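Protein chains: 2
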Amino acid sequence: MAMSTEAKPYIIDACQYCNWSPEILGQLREGGVDAISVTICYHEDFRETVENLIDWNRMFERHGDLIMPGRTAADIAVARKAGKTAVFFASQNPSCIEDDIGLVEVLHQLGLRVMQLTYNNQSLLGTGCYEQTDSGITRMGREVIKEMNRLGMLIDMSHSAERTTLETIDLSARPISITHANPNFWHEVVRNKSDAVLKALTARGGMLGLSLYPYHLKGGSECAVESFAGMARRLADMIGIDNLGIGSDLCQGHGNGIIEWMRVGRWTKAPPTMGLGAPVLPPQPAWFRDNRDWGKIRAGLVAHGFTEADAGKILGGNWHRFFAASFEAA
Amino acid sequence: MAMSTEAKPYIIDACQYCNWSPEILGQLREGGVDAISVTICYHEDFRETVENLIDWNRMFERHGDLIMPGRTAADIAVARKAGKTAVFFASQNPSCIEDDIGLVEVLHQLGLRVMQLTYNNQSLLGTGCYEQTDSGITRMGREVIKEMNRLGMLIDMSHSAERTTLETIDLSARPISITHANPNFWHEVVRNKSDAVLKALTARGGMLGLSLYPYHLKGGSECAVESFAGMARRLADMIGIDNLGIGSDLCQGHGNGIIEWMRVGRWTKAPPTMGLGAPVLPPQPAWFRDNRDWGKIRAGLVAHGFTEADAGKILGGNWHRFFAASFEAA
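Those protein sequence lines, which keep their order, are chains A and B.
Under my numbering, the first residue of the first sequence carries the number 39, and numbering increases by one thereafter.
Under my numbering, the first residue of the second sequence carries the number 39, and numbering increases by one thereafter.
If we strip away everything but chain A, and leave its shape as in the complex, we get (with noise of 0.2 Å):
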């Protein structure tokens, strides 16, 4: 397939939680992966999450040959120009601002492009999608809103309860997003989401990131790239293909001690118990073993009846109209 570089859509992964080393970045650039959203906290307090950003400051100072940071949908196309991935911060917890408003600010100015106001659990802003009862956005929830909004830091609900979600798409001034999660419709599991979510985000022109985690796929890693992709083809005639991406969930390079963190945190001296069974990282699908196997993605897309134009929509050109709308200030 011929096309300028110009014309070739991008690629974009709004959700990637990898153990880096110098191999997992390589792939990135053998993928052609032009920018990943990271996650740089789950559990983490707003010094332990700056530590985090010390490790990607060196990261990016001995790896500039392969990733840069991104701040803004422009930078997307500095890095491809560059043949770098664009790297932006993402937290899936609001734990890194504390009880504290102005660390949103903060961490904005330190970074940060995307927050979900609540990771499994209860939050100061909202309920997460393991809790018994969903109180839907607090008080100090809806003033988080306004900040980010006013900011240009991209609500993100992906680990949210749905009346928290839904009360979220509403109460915000801007689209909001879920990065990576499938359709219940699909593959039902707690942190799939319904018709109802996922109607009311699109239709206030929120994102979807289509997971690759094997918990959200049918079949887990058995999943065929045929199923995912004719999910996805049901899902762009309910919702429409401009708002549709990938956000992979990727996980490498981790050992199963960060999936018992993930769920246990700090917050309980025993491993909950969430209908998941052990600890375990599931192994990748064949279709996406890491960031070299796009191309497999996009295959899968086309041979299901997907265009080029449309299958570039959904591994990137969405969201890179989305982020450059997101991320910059009101």
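Just so you know, these hints were derived from the structure itself, not from any lab.
Quantities reported herein were computed from a predicted structural model and do not represent experimental measurements.
Yeah, the Cβ is synthetic: ideal placement off N, Cα and C, and Gly gets one too.
If the Cβ cut is set under 8 Å, some of the chain A residues that face chain B in the computed set are:
hint, residue
1, Leu162
2, Gly174
3, Glu181
Computed list of lysine-lysine pairs in DSBU-like fashion (alpha-carbon distance at most 30 Å, straight line):
hint, chain 1, residue 1, chain 2, residue 2
4, A, Lys184, B, Lys307
5, A, Lys307, B, Lys184
6, B, Lys334, B, Lys237
7, A, Lys46, A, Lys334
8, A, Lys237, A, Lys334
9, B, Lys46, B, Lys334
Starting from the known structure of chain A, arrange chain B on it as the hints suggest.
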């Protein structure tokens, strides 16, 4: 009234937050106060709470003739014998444990004996009384209740929403407290409590500390001691005499800024609407200006038909028994 030192009932206040000075500490002695529970955290995180404990360490060092640290109920007798006031530590917010269940034991080791599961807002543990929606106890909340029960840290729901309070009464293996609030049947405000809560609390052996803070009093600063005593009489008829104490919520020596900080903390950029008007520290009622006035409360209760023995239970006897049961490890 001639009583031996042994027989004289204890005076114990389950909630004070003064701007501590030698003058106010001296008033505790003038008033014959045997023990107070002082707030060491409203919005502080762990490190900031430790800073408040450092202030208390200095206070104990400088004013060891007036006060001593309280850790067990037995310390109250020790304090009386030495002519001092025992000072117990309480937190009005679980912000001091941040998101770390391990900090419950650490703070217990540092002397914390009472902790509210919420202040006014949603916490990581449960819902505060000023939230629009009350979702009860969270996943982390269940774990923290177990940990507080194990260690002998008393649960306090003074600032919690109704469902969250009722669930905690059920979930806790040990009786809990509402250290500073009044009944809504007397003065209906967000911070006072329904009959349902008061009955459930005391049916399980829990304690209510009657508040002397003007916003919680019928008539505010103009409230007469007769009205207060009449409320106590009605309450004693409803829930019995053995589960009533005083938690004055005395905030002596502060400027109005302290009230704004209590409401705003760090969670909002704009002062919230709370139906409470401007953030002003109201004048104390004439019959409880400061710690020298405990005799006036006693006189008011006796004038309203309480026996001396029953007035003594309310002024401290009940808290003494309850502290003894609550501050031992399970």
